[in-house]
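What follows is each chain in one-letter form.
There are 2 protein chains.
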Amino acid sequence: MANSCGAVLAWLEPPSEPSCGALAGLDFAVKDVFDVAGLPTQAGNPDFGRRWGVPQRDAWAVARLRQAGARLVAKTHTHELAYGVTGLNPHFGTPQNPRVPGGIPGGSSSGSAVAVAAGLVPVALGTDTAGSVRIPASLCGVFAYRPTHGAIPTQGVVPLAPSYDTVGLLAAEPGVMERCARVLLSEALPGVSFERAIILRDALELCTPEAQAAVERVALRLESSGLELEERSLGLLEEAREVQRVLQGAQAWGFHQEWLETAQPRLGEDVRRLFEMASRFTPGEIGRALGEQVRLRAEMGAWFLPGTLVLLPATPGSAPLVSELQEAEAALAFRWRALSLTCYASVLGTPVVSLPAELPGEKPIGVQLVGPWGSDVGLLHLAQRAFGLGPLG
Amino acid sequence: MANSCGAVLAWLEPPSEPSCGALAGLDFAVKDVFDVAGLPTQAGNPDFGRRWGVPQRDAWAVARLRQAGARLVAKTHTHELAYGVTGLNPHFGTPQNPRVPGGIPGGSSSGSAVAVAAGLVPVALGTDTAGSVRIPASLCGVFAYRPTHGAIPTQGVVPLAPSYDTVGLLAAEPGVMERCARVLLSEALPGVSFERAIILRDALELCTPEAQAAVERVALRLESSGLELEERSLGLLEEAREVQRVLQGAQAWGFHQEWLETAQPRLGEDVRRLFEMASRFTPGEIGRALGEQVRLRAEMGAWFLPGTLVLLPATPGSAPLVSELQEAEAALAFRWRALSLTCYASVLGTPVVSLPAELPGEKPIGVQLVGPWGSDVGLLHLAQRAFGLGPLG
Chain W
1 MANSCGAVLA WLEPPSEPSC GALAGLDFAV KDVFDVAGLP TQAGNPDFGR
51 RWGVPQRDAW AVARLRQAGA RLVAKTHTHE LAYGVTGLNP HFGTPQNPRV
101 PGGIPGGSSS GSAVAVAAGL VPVALGTDTA GSVRIPASLC GVFAYRPTHG
151 AIPTQGVVPL APSYDTVGLL AAEPGVMERC ARVLLSEALP GVSFERAIIL
201 RDALELCTPE AQAAVERVAL RLESSGLELE ERSLGLLEEA REVQRVLQGA
251 QAWGFHQEWL ETAQPRLGED VRRLFEMASR FTPGEIGRAL GEQVRLRAEM
301 GAWFLPGTLV LLPATPGSAP LVSELQEAEA ALAFRWRALS LTCYASVLGT
351 PVVSLPAELP GEKPIGVQLV GPWGSDVGLL HLAQRAFGLG PLG
Chain F
1001 MANSCGAVLA WLEPPSEPSC GALAGLDFAV KDVFDVAGLP TQAGNPDFGR
1051 RWGVPQRDAW AVARLRQAGA RLVAKTHTHE LAYGVTGLNP HFGTPQNPRV
1101 PGGIPGGSSS GSAVAVAAGL VPVALGTDTA GSVRIPASLC GVFAYRPTHG
1151 AIPTQGVVPL APSYDTVGLL AAEPGVMERC ARVLLSEALP GVSFERAIIL
1201 RDALELCTPE AQAAVERVAL RLESSGLELE ERSLGLLEEA REVQRVLQGA
1251 QAWGFHQEWL ETAQPRLGED VRRLFEMASR FTPGEIGRAL GEQVRLRAEM
1301 GAWFLPGTLV LLPATPGSAP LVSELQEAEA ALAFRWRALS LTCYASVLGT
1351 PVVSLPAELP GEKPIGVQLV GPWGSDVGLL HLAQRAFGLG PLG
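Chains as they are written, first to last, in my numbering: chain W, 1 to 393; chain F, 1001 to 1393.
Only chain W is shown next, with the shape it has when bound in the complex (with noise of 0.2 Å):
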């Protein structure tokens, strides 16, 4: 391919007979955190993939998608260990955003947003932690889709954070992420209709003009749609994002601790400094958090009734440059910056669907619609129906 924006991490040759199914002919790329059998999984640490081994079987997602008939063509870049939003790797490059020349892609699923910015694949599998397909695509102005924890089997896929670890989606339009999550929810999920979409103001006071006016623009249109419009402050989006940095600092360094000590692998800084937080927590601390997650989880969920959903953007503002946050400083700042944002919807486990919602010309900004636990394929499917029509505005 000419120009792949650094997205790919390699190429796979599909085969060569015609696929059936309901997601026959369908390209699509995936982030080099699910096994893809017979190739390394590198998570995007040079080091990685001697701990981990070559797999021997496709991640469940992956397999999945390929029995639909869907052709796997690119395993692609990463955020160190999933464990970062900037798209920043220090071993193996740094995709390009393709709208926004020398702004960061996004991550961690930078690769998998780059691929289908650049329309390399029209769509890719990305996991999402705390932010990880819905900062990148917000970056590089795709649609993501985050399911319900637990909805898509996370099987094949290196952990991060388990209790928050889900397989995500990337796309360049609404339909064709529709057609691949009903194939990757493996139950039936109820379909359900919104009735009311509440804008969350407090989300807003976090974010640059431009994204609030991208906030309006979604608002709007579902309106248009038939849905009531409301506006309220919840008052937790920091409290979410102390809980999440807690108990997946917790999860990650579990899971990491014993490869980190006895094999020291090169780690790019901003990484090694989100391990070295996480290994000096003590239990009251975690143990608090986890007590304050169920009563975040009770406050917010109060209100979270069936028929509701709720609006606030994806990312502070559009891609900083690159150049910007080289610094392990500037890129921690950045990352927590975004992630007041979306751990919200980690926190309470619910399902989210981000769309690109810019004006025509501008950079890219994308808008979160968070659904109550479950209403994943009511979601995509208003998704689809309200913003598969073209650019907004």
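Treat the hints as calculated values from the structure; they're not laboratory data.
Each residue gets a CB set at the ideal place from its N, CA and C atoms; glycine is no exception.
Treat each hint with caution, since some may be false.
Some, not all, of what chain F presents toward chain W, calculated at C-beta under 10 Å [unchecked claim]:
hint : residue
1    : Pro1153
2    : Ser1225
3    : Gly1291
Since the structure of chain W is already known, use the hints to place chain F on it.
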């Protein structure tokens, strides 16, 4: 009252005017981890009341039962801080098991179980984090109900480990338990019916012949109620207990740490050791337990389908003697043995009814019916229908 078997911490003056509502005229008692307006909540520790203060409002569950016309007549003793399963309390004294001379009452809802078993009240509120209504109910020969996690608000209850804490019931017969539960279950949960019961073979292997025979009797009664029986090993009971040991410990430590370190309260030796254990967990251990819990839930949930219930003893045998468990060592050994049978449902967050299943004249022994997530109403109804008819055998 003549002989309260040491169950009661304080008698209350019930209102003199007649009540009305779904539970009009029903007397109930409440474990001293629930707030009752104007009374100190001591949670089985003589220094805890100073930390917690005297509550101005009833706990949600207490208020709800009272609103429905039930009359609160007593606060009952608890294992210290609800962190123990024997019911032995070095500060307030140990309630006497009315059915086993010299036997432990079980805990932590010791006083509530004894109050019901001694006929002081037909029903009492308890809490169940890892088994705290099921274990004393089993050893004292009464019914118990642990709800789906989150289905009954825990507001106004002293926390132990919020991700497992539930408000439960202990009752002399299943009909009154179902009536109270319907008042407490804030959302209309669907009524479900059960088609098959799975006997957990590996749970039976941990138990006495009496407990095994009790399961057999319950299984036969279910079969004659139209359920198909099946037997299988789960193989995950000890993993579930281990996950809960870590995650419950971290949360208990997280909640109590500051108080323990600053106020230096008196503590029973068993509880002191549990906190000491919890304070030493590393972030890696806790992080791995979080990941392991996700794996267990997926693995156990995969075959725990609608219409299925799981059958296992509530305790490994009948009540040991108080004199056998005086040493912390022995008490903790009993703890881990007992929790192998109860943590299973706690880790899944699924509802359980425990029912007395001994032969007339035998020492009490309970059997757990564990239903899938959200099957509370169906489970309670089944218990009432199949076991409301008098003793088994």
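Each hint, compared with the structure:
Because the beta carbon of Pro1153 (chain F) sits about 8 Å from the nearest beta carbon in chain W, less than 10 Å, this interface hint is met. Interface hint at Ser1225 (chain F): violated, since its Cβ lies 29 Å from the closest Cβ of chain W, which is beyond the 10 Å cut-off. Residue-level restraint check for Gly1291 (chain F) holds (minimum Cβ-Cβ distance to chain W is 4 Å; threshold 10 Å).
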